[in-house]
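These protein sequence lines map, in sequence, to chains A and B. Positions in the first sequence are counted from 1; adding 23 to them yields our numbering. Positions in the second sequence are counted from 1; adding 23 to them yields our numbering.
Watch out, some of these pointers could steer you wrong.
A pair counts as met if it fits within one copy or between any two copies, since identical chains are not told apart.
Unchecked claim - Straight line, CA to CA, 25 Å or less: simulated DMTMM-like cross-link-like pairs of lysine to aspartate or glutamate: (1) 157 with 179; (2) 157 with 235; (3) 93 with 207; (4) 97 with 58; (5) 157 with 227; (6) 74 with 235; (7) 157 with 130; (8) 33 with 101; (9) 97 with 235; (10) 93 with 130; (11) 157 with 99; (12) 157 with 193; (13) 93 with 195; (14) 97 with 221.
If you're looking for bench data, these hints aren't it; they were derived computationally from the structure.
There are 2 protein chains.
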Amino acid sequence: MSQPTSPQHKLRLGVLGSGSGTNCQALLDACAKPDFPAEIAVIISDVENAKILDRARQAGIEARWIAPGKFRTKLEPEVEQRYVAALRQHNVELVCLAGFMRVLKDDFLKAFPGRVINIHPALLPAFPGLESWKQALDHGAKVAGCTVHFVDAGVDSGPILVQAAVPVLDSDTAQTLHARIQVEEHRIYPEAVRLIAEGRLRVEGRRVLRRE
Amino acid sequence: MSQPTSPQHKLRLGVLGSGSGTNCQALLDACAKPDFPAEIAVIISDVENAKILDRARQAGIEARWIAPGKFRTKLEPEVEQRYVAALRQHNVELVCLAGFMRVLKDDFLKAFPGRVINIHPALLPAFPGLESWKQALDHGAKVAGCTVHFVDAGVDSGPILVQAAVPVLDSDTAQTLHARIQVEEHRIYPEAVRLIAEGRLRVEGRRVLRRE
């Protein structure tokens, strides 16, 4: 885990996303506050016209589209190295996935060891994978939520940094439940980044604990 | 599901448990209130000296020990029928599992269709099985909880009636987390019984919804 950083240094984030980037926006908003200990160095998408790139440009932050290659759920190995190079070029210290719809392979993870985090719209280990708010609704869960976790080689399986719970209402549709979860996502993702930037976490096996 | 019952009728519960029966005590305490719409008709254990049977006797409620037979995790079929007979003899309308450490088979479930509920110390579908509070802690979950669910042929897999979440603290041991979950268990188990007794639930597939 990171050492406590000096008050002057802001942790440099690289954000990867494929879609509208509402979690990226939450990070942009947090980073816009003077006392927030991180800043976004670059925002990269595998989708050329993704709204997340518009958000980057609007915030005056470097927006990069890097074409993903021929696969649907992962990057070609040489493309993955292009992502790594772009992140390194911007001196990225922490990679934040924000709706990035491709699995990152070992070579990428080794380039940023313990330095890739993701936000998932469920209380992991429940409902990994896609559209987990819909999974929760269809399963009849009464409590749903979201999880910020370190990314490892599995799917939504890395050590958990922060979780938040929300109720599932009888009247919920997939859309209303998703919206309620997103409110918490936008709160806990900046919170997790802050904890890392301030060097306040330590990992013990699967448990991510606050430093004393 | 049950039809709304008349104000005079109290839903007759049969409680099955193998251990200390703290959830049974929560049901006993709820049933002791005049306005609670259920009463415990019989408490049955597979363990002769289980504390749950002392709780029954102390409350003046029929306590039955029915020896489980030769298996460790289920009842012998003829023993299961003895359980069914005892519950029927007491006109039990809803079977509440409270730390009953044996899987009930189809013949039992068919005798009380949609009329067997259980409380599980995790936010199902996360952490089914044994010592789920310890599973949650070891997994590094930041949110834990408990679930009241209908019992089906699977393990902790039936439709969910009520769930409650609790935080996991860095300082938690298995014991302190378990204690925090139990506080919520003792609240939601009587709540679930009340919802059934008042005929306020309907089941749609896996979803258990309140009647309008």
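Hint check results:
For the homomeric pair residue 157 and residue 179, the shortest alpha-carbon distances inside one copy (16 Å) and between copies (20 Å) are both at most 25 Å. When the C-alpha separation of residue 157 and residue 235 is checked against a cutoff of 25 Å, the pair qualifies only between copies, where the shortest distance is 23 Å, while the shortest distance within a copy is 38 Å. Taking the closest pair of Cα atoms, residue 93 and residue 207 never come within 25 Å of each other, the shortest separation being 34 Å inside a single copy and 50 Å across copies. Taking the closest pair of Cα atoms, residue 97 and residue 58 never come within 25 Å of each other, the shortest separation being 36 Å inside a single copy and 59 Å across copies.
Within a single copy, residue 157 and residue 227 get their C-alpha atoms only as close as 32 Å, which misses the 25 Å cut-off; across copies the closest is 15 Å, which meets it. Taking identical chains as interchangeable, the C-alpha atoms of residue 74 and residue 235 are never at most 25 Å apart, the minima being 40 Å within one chain and 41 Å between chains. With identical chains, the CA atoms of residue 157 and residue 130 are never at most 25 Å apart, being 32 Å at best within one copy and 33 Å at best between copies. For the identical chains of this complex, residue 33 and residue 101 are neighbours neither inside a copy (30 Å) nor across copies (69 Å), given an alpha-carbon limit of 25 Å.
In this assembly of identical chains, residue 97 and residue 235 lie within 25 Å of each other by CA distance neither inside one copy nor across copies; the values are 39 Å within and 46 Å between. With identical chains, the CA atoms of residue 93 and residue 130 are at most 25 Å apart within one copy only, with a shortest distance of 18 Å there and 54 Å across copies. When the C-alpha separation of residue 157 and residue 99 is checked against a cutoff of 25 Å, the pair qualifies neither within a copy, at 30 Å, nor between copies, at 40 Å. Taking the closest pair of Cα atoms, residue 157 and residue 193 come within 25 Å of each other only inside a single copy of the chain (13 Å); across copies the shortest separation is 30 Å, beyond that limit.
In this homomeric assembly, residue 93 and residue 195 never come within 25 Å of each other (Cα to Cα): the closest approach is 38 Å inside a single copy and 47 Å across copies. For a Cα distance limit of 25 Å, the shortest separation of residue 97 from residue 221 qualifies neither inside one copy, at 32 Å, nor across copies, at 52 Å.
In summary, the numbered hints that this structure violates are 3, 4, 6, 7, 8, 9, 11, 13 and 14.
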